[in-house]
Amino acid sequence: MAHPIPFRRISDFIYEIPEEFKDGMRAPARIYGTEKLISEMDWQVFEQITNVATLPGIVNYALCMPDAHSGYGFPIGGVAAMDAKVGVISPGGIGFDINCGMRLVLTSLTFNDIKPRIKEIVDLLFERVPCGVGSTGFLKLNRNEFMEVLSEGARWCVRKGFGWEEDLERTEEGGCIQGADPSKISEKAVERGINQIGTLGSGNHYLEIQIAKPENIYDERLAKIFGISIPDQVVVMFHCGSRGFGHQVATDYLQIFLKVMEKKYGISVRDRELACAPFDSPEGQDYFAAMKCGINMSFANRQVITHRIREVFEKVFKEDARKLGMQMVYDVSHNTAKLEKHFVNGKEMQLIVHRKGATRAFAPGMEGLPGIYKETGQPVIIGGSMETGSYLLAGIGSGTKSFFSTAHGSGRTMSRTKARKLFDGKALQRKMEETGIYVRTASFSGLAEEAGAAYKNIDEVVDTTELAGLSKKVVRFIPVGNIKG
Amino acid sequence: MITKTPLILITGYLGSGKTTLLRNIIRDSRKKIAIVVNEFGEIPIDGKVLEGKNIRMAELAGGCVCCSLSGEFEAAIEEIVNEIRPDIIFVETTGLAEPDSLIEIIGEALTMVKLDTVVTVVDADAMIRFPETGYTGRIQIESADVILINKIDLVDEEDLLGVEEKVKEINKRATLFRTSFCNIDTELLSGMGVERYLSNAVHHSHSMDYFTFCTKGTIQRERFEEMLNDFSGKIYRAKGFVKFPDGSYLFNYVSDRWDFEEFESEETRLVFIGDRAYEIKDRVISQLENMTLRFKYRFLEDFVTADVAFEAKGDTIEELFISSALATTNIMILETGTIDLKERRLIEIEAEELDLLLFNLLQEIIFFKDTEKLIFGEFNVKIGRKGDNWLARMKAAGERIDPEKHILHLDVKAVTLHMLEVRKDNNGWTARVILDV
Chain A
1 MAHPIPFRRI SDFIYEIPEE FKDGMRAPAR IYGTEKLISE MDWQVFEQIT NVATLPGIVN
61 YALCMPDAHS GYGFPIGGVA AMDAKVGVIS PGGIGFDINC GMRLVLTSLT FNDIKPRIKE
121 IVDLLFERVP CGVGSTGFLK LNRNEFMEVL SEGARWCVRK GFGWEEDLER TEEGGCIQGA
181 DPSKISEKAV ERGINQIGTL GSGNHYLEIQ IAKPENIYDE RLAKIFGISI PDQVVVMFHC
241 GSRGFGHQVA TDYLQIFLKV MEKKYGISVR DRELACAPFD SPEGQDYFAA MKCGINMSFA
301 NRQVITHRIR EVFEKVFKED ARKLGMQMVY DVSHNTAKLE KHFVNGKEMQ LIVHRKGATR
361 AFAPGMEGLP GIYKETGQPV IIGGSMETGS YLLAGIGSGT KSFFSTAHGS GRTMSRTKAR
421 KLFDGKALQR KMEETGIYVR TASFSGLAEE AGAAYKNIDE VVDTTELAGL SKKVVRFIPV
481 GNIKG
Chain B
486 MITKTPLILI TGYLGSGKTT LLRNIIRDSR KKIAIVVNEF GEIPIDGKVL EGKNIRMAEL
546 AGGCVCCSLS GEFEAAIEEI VNEIRPDIIF VETTGLAEPD SLIEIIGEAL TMVKLDTVVT
606 VVDADAMIRF PETGYTGRIQ IESADVILIN KIDLVDEEDL LGVEEKVKEI NKRATLFRTS
666 FCNIDTELLS GMGVERYLSN AVHHSHSMDY FTFCTKGTIQ RERFEEMLND FSGKIYRAKG
726 FVKFPDGSYL FNYVSDRWDF EEFESEETRL VFIGDRAYEI KDRVISQLEN MTLRFKYRFL
786 EDFVTADVAF EAKGDTIEEL FISSALATTN IMILETGTID LKERRLIEIE AEELDLLLFN
846 LLQEIIFFKD TEKLIFGEFN VKIGRKGDNW LARMKAAGER IDPEKHILHL DVKAVTLHML
906 EVRKDNNGWT ARVILDV
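Listed in order, the protein sequences are those of chains A and B. Heads up, the first sequence is in the working numbering, so the first residue is 1 and it goes up one at a time. Heads up, the second sequence is in the working numbering, so the first residue is 486 and it goes up one at a time.
Derived by calculation from the structure, the hints in this document are not laboratory data. Fair warning: this is a prediction, and the values are worked out from it, not measured in the lab. Treat each hint with caution, since some may be false.
Below 30 Å or equal to it, Euclidean Cα-Cα: the simulated DSSO-like pairs (lysine-lysine) are [as the list claims (entries may be wrong)]:
#, chain 1, residue 1, chain 2, residue 2
1, B, 867, A, 259
2, B, 871, A, 119
3, B, 719, A, 184
Pairwise CB distance ranges, derived in the manner of DEER restraints [to be verified]:
#, chain 1, residue 1, chain 2, residue 2, range
4, A, 435, B, 835, 38 to 44 Å
5, A, 35, B, 908, 22 to 28 Å
6, B, 829, A, 398, 56 to 62 Å
7, A, 35, B, 711, 25 to 31 Å
A virtual CB, placed ideally from N, CA and C, is assigned to each residue, including glycine.
For reference, chain B alone in the conformation it holds in the complex (with noise of 0.2 Å):
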């Protein structure tokens, strides 16, 4: 007779820990361990947060595995038995979910594992600051075997009471640990299982919406967590990576509380999730994209005496047209981020050769700056053939020139043709520009 995989399933409210809790157990474990990681919002963040170590991931993204994905759920642990045959398996499920159908999955359709324990992570913090427990976050705690009351770190005695009194009138039997940072020995939480009434679970809908922002800017620090302070309710939590400019960082936000720890990343990847996050969307996204920094150019020291001169890269032509507008731009603005997106222009311009196009291009945004006191703090780029000439369409966005606002710096009289460069190698593009100031 084939013995079970144990498997043990992970749930909890958005950002109540359940990532810390996984990581505790990867490091903590001297098991063969396959994880399942489901997250809701297209890009997955748990996942890149947990690999690395010697151990099996398979991740569910873009819905909740207790409802929309749960063949795929099958099918994936299905396939962590046969191939990886693990001594034991976690599964992460969304802060969304709720266990109760996954459990009569786990009970009814996968015969290779035996669910082995429930473990519910809550946030005690949030439950003192937001009282009302919801549906989802009341089948988490009524399904659990093993509970942990994380973040006591935030909370006082007191209220810690209060906490565990209220997670015991949902759930009598299971157990409760007190953790802050999700710090428990993990083998306590195996075993722990009870034989469970299985529920006829009910399909539910999702009252959270969410979206998410990717890009391999830089962000700016002080911009992104004034933008924090302004998510007013509208967004529950959020998660992923961000790159200031200072390095990297794994970000968690759970109700008007974030942290921020240093971590490996080469892009920033956010998913933002709340009941209206679509109502503020737009906006952010916006935000977001304005506080990016792209440093793909450098100012050369010492290679031009009066004047300026900089050196600007892209992976595309396009790349680096844009990294070369914005080290003009940031000539004449330091901190070209505070410039707010508020008036687009179209800029269209022919030339012969790569290099005078670029030329033109950058002296567009001189003229601008002389004509309507614009700056622009973002640009797209498409370039093109047309018949024997190349051509860019830039589209360009930003405001006029505030002394009061903007940290302004030199005047850009001009683009000079002296030592002018584009060119492509193996590591993409590259460009070399001085300009007359």
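In isolation and in its complexed conformation, chain A is listed as follows (with noise of 0.2 Å):
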């Protein structure tokens, strides 16, 4: 490898980097990733990873999943469990956009269905899913509504009319986390999100109508649980996060915890970035409270998508969303940190888990599985670039050594700026329409910098995770429509 990073080959498919490769590591980093896969990170990757290792109260191991790249304080697709007595929390290994995740939204239509009226429904979606910068959501919400979103997430949607009531089970923490306390919010992130519910934002931030080819199914029994059962299936598929709310939580907080750690709690940290406090401590516990907020407004976010998703089809289909099985697969978190019991040498532990750009993927059984998945594992939607595919996985036993995570997407290997040097917007969209993949966008710069090629291949790393044992693979989705905020 051309990294001078002193790698430990553990297995095919898992790097160790030591701890002795840096001071102040509490445990060693673990990468996982073929040996190529690994190549292709930029070595900032493993500097942050092993500052990560070093935060106080770390378990087992920092890891990153096969889609990491480099990211600022924790590197995207990074994992750190914390002890939750004696470790920290941190905004910057949770991200800015709190909650940020994928949610997947079934139809019984088949692609032969959609095919002469692809462009109208996605004409119809970008004109119905607000994106972009700047742009503000249809529901307009007074203070105090809000506050009730932040505490009830999907829920307070589904009682508004916005989605139905088995969509929550459907979704993390049944739509609604507990303990989200919204008297831990500043006004300015009230402010910030009060207009944005039901906007895509931009960047990789899209919403994808897919097909599921049958030669794409790799787990039929699985995948027909999850409600992939007709040949050229068409699903819809996005990407979003908790909007300039979330963004305004983590910045409060950063700073919050940036004036205590070293002062009152005597903690330094190798980057600002990961400034953190006790999850144990009063600055701690409302940070936890508050970005619970964040994960609420978040899953309130996309069910408001989703109502609007189901309205677009509705319209171009003349005909009842449930009547065009428009059922949710399932809506996974990819940027949060949550209080999670593990086995940890035998014994059972809480840890506060934080996955930034890395997916849960609860095993079969497994405490906190909605009744129509406890048998089958969760299920985690992978989103690829948008010229490639996306994955729909499920947890597996042996997810265990990951804390039970895995990868969130493919992962980009270039960078914006290099990207957008290299490609057209106008010219990529052209060229997706010729291959079967109708655009539309807020930005075409935004569009270029999102390339197929500015990302790892979907392919490999997805069969990473299975290889590596963290998840398995279910269904493989190809898209043929896509928005891009």
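Take the two lone chains and join them into the complex the hints point to.
Here it is, written out as structure tokens:
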């Protein structure tokens, strides 16, 4: 390998950077990936994950998923579990976009049903699901209603008619994480988020119409339980988060932590973006409760978008969304910290598991899974680049070594600035249309930055998660329509 | 007996080609020459165009040599003769000068020089388009020994004959040459003077008004030309240097016609002259400020993978903050010059450290984007201390994001503390910022 990093090969898919690599490391770092995937990661991934390994209370290893790339503070694709008693919580280990995640909605339509109307569908979705810089949603909430959203998440939306009761059990935490406390939120965060429910955002956020081809079903039984049972079935997948609200919550607490971290708790970190506070401290608990408001805001955002998607299909096909089979598969979060119970060296421990650009992948039978998925394991939704494809995976028993975490996407390999130099947004749109993907975007320059070639090979990433025992493949989807923020 | 130094007076209306003629003279002359340039406008432009050769320049700016600056003019001539001892002196008057009073000064008050020739440059194209010759233009033609009918490339033969006829009606004794870009054997210009009747010149007041604009920033060319199209007779003449993204240019504008000639300049310096210039001064200045790009930041390639990193610079800490603010804006909206300055906000923030002050200030830009959909194209910042803290007062001007008008790029989620740096060295201030997008 080209990097001057003293990797210790644990298996074909796990490489370890030992504690001796850097002063202050409290645990080794482990990178999941093939030699090829790891060689394609930028060196900062290793710098950042070993910084994470210095955080107080880290348990076992600081982990990198196979789609990892460098971020700020934590790498993207980073997982770090801290002992809830003595460990820290760090906003940098969650990301500014709290509960950024994926949602997958089924239809009973086939590719042939939508083929002649794909432009109509995508154009209408583009109109109904606002995206891009400065976009606002159709929901006009007053302050009190917004506070309710922060406490109730997707449950609020369903209560107000923006969704179905059964959507909730098909969302992590039932669409409403317990313990969200709006009194821990700044006025600024409220102002930033209040108009943004039902909006995608920009960058790598998107909404896609996808097809499950019969040859891309890897586990027929699980696929069927997850709702993929018709050849060339059409699904809708989208990726977004808690918008300005979550961004502000993270920004606020980053600054609060920065003030108390050293002076009050005597913790020093290698990168200010790793600012943290003991989980069991007033500041740590305040952030945890505020961050949960971000989680709920994000669930609500994706719930309202789901509602809009159903409306669009109802309008285009002049048929009720239920008749169109528009059931949700699941809603997963890939930017969170959650309090979970895990077995560490045979002993059950309460851990605060940071997943930044990593998806929880609970195994069959685990607490926290809804009844419908108790036996299958958690559905995991992996968004690929807009030109290649995406996956539906399932959590498996061997995931214990990664605190039941897996990848979240394909992971970038190329910087945005470079991608923009290499690709032209409008030409890319034409080229994608020629290959059967109809794209609408709020930003052509943004589109260019999301070109497929700027990402790792999604198949390689997903195969690695399976080979490394993090999750198993169920279905691969290919895109036919895309909206890009 | 001391030989008197010959002096050639170059007159001509605004934008007729006087400076171009002087550039030709400097290029061709083998004599030791001195040049006195009188500018109408506070910023010397012609002087900069002419400098660089082994010539002595004296610039008189901020008024007209035929009236308000005559004392300074005499002093400049005296100094040149004594110190430089040139073979010949050229005096370029402003386009608004009425040479009769100057001729009087030279004849009576300046004993060390003798008026050799009065050269008047006539803009043939302007004379056809604006047939009404004003008083100043008439006096300039009347006083001339040599008249260059310039810009013949812009007019046809028939019109040209008309111009010549008109000029001859005003001045029968002068020698006429047809030129374009004032291309003429400059030897033809000296020794053409004749004894002239010295009238009792009356002091006059110019009916022309002017204003100037300077910036170290870069101007957007399309918007600049759009502005020129919109002068609607209020500006007759404009000139100076303008820095476009592709390079700097010498700019010349005369009544709806303009051209750009590549020319080294560190900054944009412009003067606008017109009889009702004051009417559009505020609008033009604000347009110019609006179209000024301050490219003092660059996006760092391969520094971060999914986020955006930039490096900003500034001679002062304030400039650094403005550059950083514009860089942040530029991630959200490409071509920040398209942001009109319709709404203003005042932002005041404090922080213990300078880098955290910048962090907070950029956060505010993101805050206004989310809360009011406001995006700013112009910033003014004052930075100082307040007790132990740093204090920034920022005035931001911009408008609401309009996807029809603005080119949207990426929604900036947050400023990160990752590798955030603000530092100062001999070359000024530098900041490195990584933004989550």
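Checked against the structure, which of the hints given earlier come out wrong? 2, 3, 4, 5 and 7
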